[in-house]
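*Asks:* Residues per chain, in single letters:
Protein chains: 2
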Amino acid sequence: MGKSNRIPKATITRLSIYYRQLELLEFDGYRMVSSEKLAWLCQVNPAQVRKDLGYFGEFGVRGVGYDVIDLQAQIKKILAVNREWNFAIVGIGNLGSALLEHQNFPARGFNCVAAFDNDPLKIGKPTAAGLSIRDIEELEEAVKELNIEIGFITTPATAAQSVADRFIMANVNAIVNFSPTRIIVPDCCLVENIDFTVKLDTLTYELHHELGI
Amino acid sequence: MGKSNRIPKATITRLSIYYRQLELLEFDGYRMVSSEKLAWLCQVNPAQVRKDLGYFGEFGVRGVGYDVIDLQAQIKKILAVNREWNFAIVGIGNLGSALLEHQNFPARGFNCVAAFDNDPLKIGKPTAAGLSIRDIEELEEAVKELNIEIGFITTPATAAQSVADRFIMANVNAIVNFSPTRIIVPDCCLVENIDFTVKLDTLTYELHHELGI
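So the protein lines, in turn, are chains G and Z. Residue 173 in numbering that gives the first Met the number 0 sits at position 174 of the first sequence, with consecutive numbering throughout. Residue 185 in numbering that gives the first Met the number 0 sits at position 186 of the second sequence, with consecutive numbering throughout.
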């Protein structure tokens with residue numbers, strides 16, 4: 000367990016990005032890829048690709064490159080996405096509804112097994128994905144019943160902390176926070192904050208410095 | 000312009016994250032911060048913080064750290080977010096509606112000035128943000144009229160490429176693609192793909208390797 004602490008989080012994020020490019024390469028019919036090509040596709044430098052993969056073993060063949068299918072399998076194993084994960088969404092407004100329908104989640108083995116809200120007008124309503132919106136009061140019970148391992152928070156900012164607290168009390172150890180606020184969790188819980196505006200900053204940087212706008 | 004090519008994209012992303020932590024530090028009443036503390040808050044190592052900022056100048060005082068307010072201003076300038084940017088959203092389903100209402104965009108100077116769809120039942124309808132949904136056929140005209148600099152694509156995957164083409168024809172040089180597909184653009188156009196599942200992979204990695212799940 001200790002070893003993983005030494006691997007930078009940025010490496011893990013890049014593995015995920017390498018994996019997506021490998022999928023596209025496979026789709027395009029490639030069987031092998033050089034670290035140079037993979038790096039170019041992912042907008043990093045080739046030494047970075049070799050270093051990131053080097054934390055986990057020897058995956059390439061010198062002068063030949065990486066096997067596109069084999070490397071995908073290796074990365075899936077490292078990222079622990081070689082199995083399915085169940086998640087639940089709390090807050091079924093526009094964003095929660097969008098995530099319920101998002102095709103990428105089931106395609107990648109992330110199954111939304113429950114949707115919660117505290118609005119009596121929403122509770123009991125069916126979602127496009129075939130779930131029935133449940134009362135937030137049923138969260139703890141549903142976590143056990145459905146083996147919910149990851150909690151998505153798509154509530155307004157004011158409700159985010161109390162929802163996080165409920166997830167933690169229900170022994171959900173991983174939270175994806177889409178609400179525009181920070182939440183405080185104990186060390187036993189992992190949080191990923193989704194902030195769309197970080198990507199926008201990258202874009203404005205490039206617009207300004209590369210395109211001169 | 001050439002110089003920016005030598006700065007890694009990951010550095011730009013981290014500047015954006017440093018900036019957000021500096022805001023929170025200011026909110027919490029801090030006036031100075033060490034590279035160690037800033038690094039810890041951002042989950043990177045202190046040498047990385049110093050290296051990233053070092054691309055752009057000398058911002059800290061040895062043994063004292065960084066001025067929380069001044070460094071925010073410097074980073075805003077580097078990222079070109081020291082001014083406002085206008086964007087438009089194409090595809091007003093759940094995700095498009097969620098983004099229209101998202102508080103973080105206006106708070107960070109990103110103004111949604113137009114919303115488009117091709118559904119006759121949606122065109123002309125008001126949005127929660129006070130816009131009226133426009134016909135996608137009006138895109139080119141609206142880009143000029145409203146000075147739209149960034150285009151968000153929140154359509155189904157099947158429509159994403161044709162919307163990207165329209166943005167490009169209308170001289171919008173930056174696209175944020177939320178649709179679960181890749182789009183192809185010429186070199187004059189910048190694209191950021193938003194893939195929520197990359198963040199999930201980081202979480203599953205940590206769940207598996209750090210929490211043993």
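Treat the hints with caution; some may be incorrect.
Note: identical chains are not told apart, hence a pair may lie in one copy or across any two.
Distance condition first, Cα-Cα at most 20 angstroms in a straight line; then the derived DMTMM-like pairs of lysine to aspartate or glutamate [stated by the list, open to error]: (1) Lys8 / Asp186; (2) Lys121 / Glu25; (3) Lys124 / Glu100; (4) Lys75 / Asp134; (5) Lys8 / Asp194; (6) Lys8 / Asp164; (7) Lys124 / Asp69; (8) Lys198 / Glu35; (9) Lys36 / Asp69; (10) Lys198 / Asp66; (11) Lys143 / Asp164; (12) Lys8 / Glu139; (13) Lys75 / Glu22; (14) Lys36 / Glu83.
If you're looking for bench data, these hints aren't it; they were derived computationally from the structure. Values in this document were obtained by computation on a predicted structure and should not be read as measured data.
*Asks:* To test your reading of the hints: which numbers does this structure violate?
*Replies:* 2, 4, 6, 7, 8, 10, 12 and 14
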